Amino acid sequence: MIHSEVHIIRNTLVVVKGAGDLATGVIHRLARAGFPVIATELARPTVVRRTVAFAEAVALGAVTVEEVTACLATSL
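Numbering (this note's numbering), first residue to last: 1 to 76.
Note that these hints are calculated values from the structure, not bench results. A hint or two may mislead.
[Said to hold, decoys possible] Label pairs and their computed distance ranges (CB to CB):
1) Val26 / Ala73: 16 to 24 Å
2) Ile9 / Arg50: 13 to 21 Å
3) Val14 / Thr64: 28 to 36 Å
4) Arg49 / Leu72: 16 to 24 Å
5) Arg50 / Lys17: 29 to 37 Å
6) Ile9 / Ala59: 28 to 36 Å
7) Ala43 / Ile9: 28 to 36 Å
8) Thr74 / Arg50: 17 to 25 Å
9) Thr69 / Leu22: 16 to 24 Å
10) Ala43 / Arg10: 14 to 22 Å
11) Arg10 / Arg44: 17 to 25 Å
Just so we're clear, the structure is a prediction, and the values are computed from it rather than from any experiment. Beta carbons: idealized from backbone N, C-alpha and C, even for Gly.
Based on the provided sequences and hints, a complete structural model is requested.
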C-alpha cells in the first residue's frame, strides 16, 4: 500500500455495534491504530465485566480502559 491509501483507510470512520468487553478489545485496537471509532450501546447495557468495557460510559459519561477513553455522546 502506498502512503495515500493508508491515509484514506485510517480516516475511515469505524462503527462498532456494542461496547461490551469483547467489543471494547476491538475498539481499543482500532483506536490505538489511529482509526476514528464510534460504538453503539443500549441505554441500559447488560455487560457483566463493567470494569473492562466501554459500555460503562453510558452510566458514567466516560470510562478509560488501558489508556483509551470512551465518552458518551447523545448525538452525532
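Each hint, compared with the structure:
1. Val26 / Ala73: 16 to 24 Å: holds (18 Å)
2. Ile9 / Arg50: 13 to 21 Å: Taking Cβ atoms as reference, Ile9 and Arg50 lie about 32 Å apart, which means the hint is violated.
3. Val14 / Thr64: 28 to 36 Å: violated (19 Å)
4. Arg49 / Leu72: 16 to 24 Å: holds (19 Å)
5. Arg50 / Lys17: 29 to 37 Å: violated (18 Å)
6. Ile9 / Ala59: 28 to 36 Å: holds (33 Å)
7. Ala43 / Ile9: 28 to 36 Å: holds (32 Å)
8. Thr74 / Arg50: 17 to 25 Å: At roughly 20 Å between Cβ atoms, Arg50 and Thr74 fall inside 17 to 25 Å, so the hint holds.
9. Thr69 / Leu22: 16 to 24 Å: holds (19 Å)
10. Ala43 / Arg10: 14 to 22 Å: Violated - the Cβ-Cβ distance for Ala43 and Arg10, about 31 Å, lies outside 14 to 22 Å.
11. Arg10 / Arg44: 17 to 25 Å: violated (33 Å)
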